[in-house]
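**Q** Build the full structure now, drawing on both the sequences and the hints.
Chains as they are written, first to last, in the working numbering: chain A, 1 to 75; chain B, 101 to 175; chain C, 201 to 275; chain D, 301 to 375; chain E, 401 to 475; chain F, 501 to 575.
Everything labelled a hint here was simulated from the structure, so no lab data went into it. A couple of the hints might just be wrong.
No more than 27 angstroms apart at the CA atoms, straight line, and that leaves these computed lysine-lysine pairs for BS3-like [as the list claims (entries may be wrong)]:
hint : chain 1 : residue 1 : chain 2 : residue 2
1    : D       : K310      : C       : K210
2    : A       : K10       : E       : K475
3    : B       : K136      : A       : K10
4    : D       : K375      : F       : K575
5    : E       : K436      : A       : K36
6    : B       : K136      : A       : K36
7    : E       : K430      : F       : K530
8    : E       : K410      : A       : K10
9    : C       : K236      : D       : K330
10   : A       : K30       : B       : K175
11   : D       : K330      : C       : K210
12   : B       : K141      : C       : K230
13   : C       : K230      : B       : K175
14   : B       : K110      : B       : K130
15   : A       : K30       : E       : K475
16   : F       : K536      : D       : K375
17   : F       : K530      : F       : K541
18   : B       : K130      : A       : K41
19   : F       : K530      : D       : K330
20   : F       : K575      : E       : K410
21   : E       : K441      : A       : K75
22   : A       : K41       : B       : K136
23   : F       : K536      : D       : K341
24   : E       : K475      : F       : K575
25   : D       : K330      : C       : K275
26   : E       : K441      : A       : K30
27   : A       : K10       : F       : K575
28   : C       : K236      : B       : K110
The model shown is predicted, which means the values in this text are computed figures rather than measured ones.
6 protein chains.
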Amino acid sequence: MSEIWLSSLKTDSPQEGFELAILLSRRGVKYTQPDKEVLQKLRPEYANNADSLTAASQVVAINFQTVAAANNYWK
Amino acid sequence: MSEIWLSSLKTDSPQEGFELAILLSRRGVKYTQPDKEVLQKLRPEYANNADSLTAASQVVAINFQTVAAANNYWK
Amino acid sequence: MSEIWLSSLKTDSPQEGFELAILLSRRGVKYTQPDKEVLQKLRPEYANNADSLTAASQVVAINFQTVAAANNYWK
Amino acid sequence: MSEIWLSSLKTDSPQEGFELAILLSRRGVKYTQPDKEVLQKLRPEYANNADSLTAASQVVAINFQTVAAANNYWK
Amino acid sequence: MSEIWLSSLKTDSPQEGFELAILLSRRGVKYTQPDKEVLQKLRPEYANNADSLTAASQVVAINFQTVAAANNYWK
Amino acid sequence: MSEIWLSSLKTDSPQEGFELAILLSRRGVKYTQPDKEVLQKLRPEYANNADSLTAASQVVAINFQTVAAANNYWK
Chain A
1 MSEIWLSSLK
11 TDSPQEGFEL
21 AILLSRRGVK
31 YTQPDKEVLQ
41 KLRPEYANNA
51 DSLTAASQVV
61 AINFQTVAAA
71 NNYWK
Chain B
101 MSEIWLSSLK
111 TDSPQEGFEL
121 AILLSRRGVK
131 YTQPDKEVLQ
141 KLRPEYANNA
151 DSLTAASQVV
161 AINFQTVAAA
171 NNYWK
Chain C
201 MSEIWLSSLK
211 TDSPQEGFEL
221 AILLSRRGVK
231 YTQPDKEVLQ
241 KLRPEYANNA
251 DSLTAASQVV
261 AINFQTVAAA
271 NNYWK
Chain D
301 MSEIWLSSLK
311 TDSPQEGFEL
321 AILLSRRGVK
331 YTQPDKEVLQ
341 KLRPEYANNA
351 DSLTAASQVV
361 AINFQTVAAA
371 NNYWK
Chain E
401 MSEIWLSSLK
411 TDSPQEGFEL
421 AILLSRRGVK
431 YTQPDKEVLQ
441 KLRPEYANNA
451 DSLTAASQVV
461 AINFQTVAAA
471 NNYWK
Chain F
501 MSEIWLSSLK
511 TDSPQEGFEL
521 AILLSRRGVK
531 YTQPDKEVLQ
541 KLRPEYANNA
551 DSLTAASQVV
561 AINFQTVAAA
571 NNYWK
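**A** This is the structure:
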């Protein structure tokens with residue numbers, strides 16, 4: 001993967017930071033399963049399952065901790 | 101999602117911070133499954149399952165760590 | 201939920217801090233499932249399941265990290 | 301639970317800190333299921349299951365983070 | 401394992417840091433299951449399962465917290 | 501367990517720190533299930549299961565956070 005997709009953890013606002021946390025979470029998946037078609041096929045499976053959604057939200061929460069710290073919590 | 105829903109991690113009290121952590125947890129879900137009807141349909145599934153509730157509480161706990169740090173623990 | 205249940209993360213001792221972590225963990229559940237009767241009904245289900253108890257203990261551990269940091273580890 | 305079981309997070313060594321983390325993990329379980337007989341009965345169930353043991357080790361790891369920070373990593 | 405595979409947590413960019421987090425996550429697996437053939441055989445199993453991918457992404461997120469802190473968040 | 505197995509969190513390199521994190525993860529299991537024969541018997545069960553390996557890697561990641569902090573990230 002030579003494409004540049006993450007050059008900084010700095011964002012202008014907490015909300016953009018949260019969206020960066022989502023990006024990080026998706027990239028974590030993509031490094032394991034790079035095939036977009038497979039990912040597309042799996043989507044309905046977890047997007048319609050409450051526990052899968054909670055698990056996805058947890059990964060976002062962990063990445064958001066990192067992004068928030070990197071931005072000194074936008075203080 | 102152009103709507104502004106998170107402009108600051110600062111809250112007036114720990115309790116409001118905890119409620120913000122809940123909002124963050126729900127937003128983490130909503131970015132993956134934006135369809136409100138689907139979310140509504142999934143609700144009874146996890147709201148009546150002990151393990152699902154524990155998992156939801158865990159995501160809140162992780163987000164609360166972030167919010168608490170952002171507020172210097174309301175010291 | 202207009203009731204005030206969390207006005208401070210400060211506690212007099214680590215043990216009280218641990219008990220506050222338990223309260224936070226339960227509140228995390230309660231915001232998702234506010235119906236006390238349902239919660240009561242679910243109790244035997246997870247209180248008699250080893251993995252559910254471990255999961256509950258994990259949420260407490262995460263919340264205890266927050267409470268301990270807020271109290272500067274009672275140093 | 302009026303018994304005092306946690307008066308300090310300070311320990312003399314990392315190993316004692318690790319053992320305190322185990323105590324915290326067990327207490328997290330005990331607050332949810334205080335009945336010793338039930339806990340005894342559940343023991344073989346998870347002590348002979350690889351995933352349950354990994355989950356238990358994870359709770360210890362989280363609590364050890366707290367204890368280690370409280371002891372400034374025994375530096 | 402006498403091979404040197406991790407001499408520093410420092411990376412030039414957040415993206416390289418994320419890739420190091422992925423390496424750490426894989427190494428965590430490899431210490432438990434060093435047999436490459438077995439790992440190869442298990443790959444399709446989790447690379448085509450949404451919950452397995454989320455779990456993998458979560459380990460990356462946790463390791464990324466460590467790498468990011470080690471790099472002072474590339475500030 | 502009177503044996504001394506953890507006298508310091510300090511290591512000479514990140515890699516040794518990672519190996520210490522693995523030791524901590526295994527010890528977390530061993531305190532719950534001290535019987536080596538049982539542990540040996542459980543090994544194939546999780547060493548050949550992708551999700552079990554991911555879970556094991558997660559515990560290592562959490563312990564590595566602690567070890568890395570204790571070593572000031574080997575800066």
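**Q** Would you mind marking each hint as holding or not holding in the structure?
**A** Do the hints match the structure? See the list:
1. K310(D) to K210(C): 18 angstroms, holds
2. K10(A) to K475(E): 8 angstroms, holds
3. K136(B) to K10(A): 31 angstroms, violated
4. K375(D) to K575(F): 15 angstroms, holds
5. K436(E) to K36(A): 25 angstroms, holds
6. K136(B) to K36(A): At roughly 25 angstroms apart (the allowed maximum being 27 angstroms), K36(A) and K136(B) satisfy the hint.
7. K430(E) to K530(F): It holds: about 20 angstroms lies between the C-alpha atoms, which stays within 27 angstroms.
8. K410(E) to K10(A): Holds: K410(E) and K10(A) sit about 18 angstroms apart, inside 27 angstroms.
9. K236(C) to K330(D): 21 angstroms, holds
10. K30(A) to K175(B): Outside the cut-off at roughly 40 angstroms; violated.
11. K330(D) to K210(C): 23 angstroms, holds
12. K141(B) to K230(C): 19 angstroms, holds
13. K230(C) to K175(B): 26 angstroms, holds
14. K110(B) to K130(B): The given pair, whose Cα atoms are some 22 angstroms apart, holds under the 27 angstroms limit.
15. K30(A) to K475(E): Satisfied, since the Cα-Cα distance of roughly 26 angstroms is no more than 27 angstroms.
16. K536(F) to K375(D): 32 angstroms, violated
17. K530(F) to K541(F): Status holds; Cα separation ~14 angstroms.
18. K130(B) to K41(A): 19 angstroms, holds
19. K530(F) to K330(D): 20 angstroms, holds
20. K575(F) to K410(E): 8 angstroms, holds
21. K441(E) to K75(A): It is violated: about 48 angstroms lies between the C-alpha atoms, which goes past 27 angstroms.
22. K41(A) to K136(B): At roughly 21 angstroms apart (the allowed maximum being 27 angstroms), K136(B) and K41(A) satisfy the hint.
23. K536(F) to K341(D): 21 angstroms, holds
24. K475(E) to K575(F): 15 angstroms, holds
25. K330(D) to K275(C): Given that 27 angstroms is the threshold and the Cα spacing comes to 26 angstroms, the pair holds.
26. K441(E) to K30(A): 19 angstroms, holds
27. K10(A) to K575(F): Given that 27 angstroms is the threshold and the Cα spacing comes to 22 angstroms, the pair holds.
28. K236(C) to K110(B): 31 angstroms, violated
Checked against the numbered hints above, the structure breaks hints 3, 10, 16, 21, 28 and satisfies the rest.
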